[in-house]
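Peer 1: Please build the complex by placing chain B with the ligand on the supplied structure of chain A, with the hints as guidance.
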Amino acid sequence: MPAHGVTSDGAAVVINETNLGFLTQLAGWARFSEVADAALRAQSLSLSENFRVTVRRGMVTAWRIAPDRVLIRSDVKLSLESSDDLAVLDLSEARVCLTLEGAGAAGLLSRVIALDFSEAAFPVGTFAQTALHHVGVLVDRPGRDQFTILIPTTWTTSLIGLLTDHLARAA
Amino acid sequence: MLRIHCPVCGLRDETEFTYGGDATMRRPDMTESDPKAWVDYVFIRDNPRGPHKEYWHHVTGCRQWLIVKRDTLTHEISGSYLAREVADLADEVAA
Ligand SMILES: [Zn+2]
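So the sequence lines, in the order shown, correspond to chains A and B. Quick note: the first sequence uses my numbering, first residue 2, plus one each step. Quick note: the second sequence uses my numbering, first residue -14, plus one each step.
Errors might be hidden in some of the hints.
Here are a few chain A residues that sit away from chain B, every Cβ distance over 12 angstroms (derived from the structure) [said to hold, decoys possible]:
(1) 21
(2) 87
(3) 91
(4) 116
(5) 125
(6) 130
(7) 132
(8) 135
(9) 136
(10) 138
(11) 155
Looking from chain A toward chain B, a few residues come up when the C-beta cut is under 10 angstroms (computed) [said to hold, decoys possible]:
(12) 68
(13) 115
(14) 118
(15) 131
Since the hints were made in silico from the structure, they are not lab data. C-beta atoms are modelled at their ideal positions from N, C-alpha and C, and glycine is treated no differently.
Isolated chain A, as found in the complex:
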């Protein structure tokens, strides 16, 4: 790492592993929207109604990954506490963060993930939870030629291998 390569279209890609920082999951039940929004507002964030749009504020990023679940990536540990209505879970060790950068990043991803990575279908500022080699991952697009992928820690070696191998031989 970093791994450099070029897709068959001649577009460059750099794959890197970066520091995830802290990753916190909030989950809840019937009152999730109200309770999670209150907890996030105390951190100067808010709960998105949208399951595609990434919420960014400074070094903090929030993804509403399900009706009653949100993932928050931050550079410092958030002071969120569980309550009867909210389950706070530290997932910082459970995910590893990869970045794909370069003109070929979208092309490489479209060869290994069954999603449309065109800018129209996957605009900058949106995210998706999807499958990479049948493993659940979260793909975020902070820039046109820039993707962030959260992968389960136990799959780090396999999935980095899959991406770099694909880039070297087939993409």
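Peer 2: Then chain B with the ligand, alone, in the frame of chain A:
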């Protein structure tokens, strides 16, 4: 290849989902003492040709359980709903 609309995530490839079985089955009342009712509920399934309601789990996406209306003959999908919203609706109707 099937593509299934997830109410949370949008249109996705079938490989992101796992099939969860017949969504038309209703559990007998917990006071039911006739073993046949329980055998039917646990083991007996029709194999319909045509429109059907099925559970699908968006396992590598939002992890929600969906109820998908799918034609078993044509594979045409005519609707998909969050299973819990359908259950809420059923509760409202029952109440
Ligand atoms: Zn989904």
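Peer 1: Indicate, hint by hint, whether the structure satisfies it.
Peer 2: A quick look at each hint next to the structure:
| no. | hint | result |
| --- | --- | --- |
| 1 | 21 | holds (20 angstroms) |
| 2 | 87 | holds (18 angstroms) |
| 3 | 91 | holds (19 angstroms) |
| 4 | 116 | violated (8 angstroms) |
| 5 | 125 | holds (17 angstroms) |
| 6 | 130 | violated (5 angstroms) |
| 7 | 132 | violated (4 angstroms) |
| 8 | 135 | violated (7 angstroms) |
| 9 | 136 | violated (7 angstroms) |
| 10 | 138 | violated (8 angstroms) |
| 11 | 155 | holds (15 angstroms) |
| 12 | 68 | holds (7 angstroms) |
| 13 | 115 | holds (4 angstroms) |
| 14 | 118 | violated (13 angstroms) |
| 15 | 131 | holds (6 angstroms) |
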